Amino acid sequence: MPINAGKLLSRFTMNGATSEPVAVVLKPCELRAFIELVKLEQGFLENIMFISATCGGVYPLNMVHDGTIDKNLSQYWTAIKKEEIPPNLRPACKACTEFIPYNTDMTINLVGNKTLDSQCEIFIESKKGEELAKDKDIKKKYSEKESKKKNLDNFRGKREAEKKKIFDEITPKLTGMDGLINIFGKCIGCHGCSKVCPICYCKLCEFESSDSEYGPSHYESELRRRGAVRVPPNTLYYHLGRLSHIAISCVGCGSCEDVCPVDIPLSIIFKKIGESVQHMFEYIPGKSITEKIPLTTFKEKELTEIEK
Amino acid sequence: MKKDDDFMPKILTFLCNWCSYAGADLAGTSRLKYPTSIIPIRVMCSSRVDPLFILKGYLNGADGVLLTGCHPGDCHYQSGNYHTRRRFAVLKKIFENLGLEHERLRLSWISASEGQKYAKITTEFTQKIKELGKNSTGTEIFL
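Chains as they are written, first to last, in this note's numbering: chain A, 6 to 313; chain B, 35 to 177.
FYI, nobody ran anything at the bench for these hints, they're computed from the structure.
Note that the structure is a prediction, hence the values are computed from the model and not measured.
Where hints are given, some of them may not hold.
To be verified - Straight-line Cα separation of at most 25 Å, SDA-like style, residue types lysine to any residue; simulated pairs:
(1) B/K168 / A/G190
(2) B/K127 / A/E225
(3) B/K90 / A/G181
(4) B/K126 / A/D173
(5) B/K90 / A/E225
(6) A/K313 / B/G167
(7) B/K44 / B/S170
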């Protein structure tokens, strides 16, 4: 998944709503990313119809290239039908607990659908969805979304357990300056993670600007102070800076890890820190279009323990 | 952490133009004593301070970062400091979760009339940073 459809859709609707109705098929995380971008005034919802699915997860990109995906696909659908997590998924997907899409017009039932091979089951979630279903004469089975959610508690439990396992694995490595240097020390500074991130939307990025460039005198003073300088410099500043900017809206789509050429477990780091920050404000990015992003709003009486 | 009595920390201090800077000024004109560890930077509002500024200071060897602004409700721009508070809380949470020294970051509200408070907070914070010792990021190569 080198491109996040949410980011793409934001590019598509940047100048205003589309003149014709457009139906978009995308994964739940991509839809949540798009909702965040709309809140950041980077896209328009009007005239767009969202078709998403209960998402079983995605395989890593290199599996497509080395051809092993064909072997894995049948295994994938068997696992999905049985509400199990297919092996070899991307870590971001294995640990994803938001697999039921929000704000859709139509939801395709994939996870736990035993009759997947014979018929397509679609949930109509909005008026728009209903109209489209009428036009196209889709043979449908209506079902309440709430009951659907209950049925997937089992699957959610498995994902929660997997998430805990993955988080527990990375926590001891992700502690203190030494831990961070170990993890991010591999970074070659390509900034691919920020370019592919749907939430990182700034056109003029601080880390790409001349402010972040090291000139000769800067190198010299750094060398005098530190004795040596790692190249490229400012790796931790970049990653921690990105965390401080986007953690609150991170949807955990895992695009950053997909593109990382040196395999830094970015998706898990951002998901872990992101969830802890989002938890402070009980915020789920992309869940609701009306709920403001916590850093763009405030309450007068809150967080009083922060000030000392 | 090593304790060094001769060690004078460097504390990056952001002061908002309307309250805290005036508070610091009052401390000066009242001839109150406060430590030389403070490196003041005047900003128009505490909300002008991007978490990146704090990070950059921290990663370049500032032993402490102090962010000051008007008391909640008193912001010259109505709501700037409420935003500061949320941003700071988020940054602090990130530091805690990554096992970084979040004690080196501090947010304080200091009004224009609180010269006393300014002197007290800077002295306290300097003392605390002295206990924590030097920030290792100043000489760290692999950042």
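Quick rundown of the hints versus the structure:
1. Distance restraint check for B/K168 and A/G190: the Cα-Cα separation of roughly 23 Å lies within the 25 Å cut-off, and the hinted pair is therefore satisfied.
2. For the hint pairing B/K127 with A/E225, the CA-to-CA distance comes to about 34 Å; that exceeds 25 Å, so the pair is violated.
3. Using a Cα cut-off of 25 Å, the hinted pair B/K90 and A/G181 holds, with the two alpha carbons roughly 17 Å apart.
4. At roughly 21 Å between alpha-carbon atoms, B/K126 and A/D173 fall within 25 Å of each other, so this suggested pair holds.
5. Note on B/K90 and A/E225: the hinted pairing holds, with a Cα-Cα distance of about 18 Å set against a maximum of 25 Å.
6. Our distance criterion of 25 Å between C-alpha atoms is met by A/K313 and B/G167, whose separation comes to about 20 Å.
7. Of the pairs offered as hints, the one joining B/K44 and B/S170 holds, with about 13 Å between alpha carbons and a cut-off of 25 Å not exceeded.
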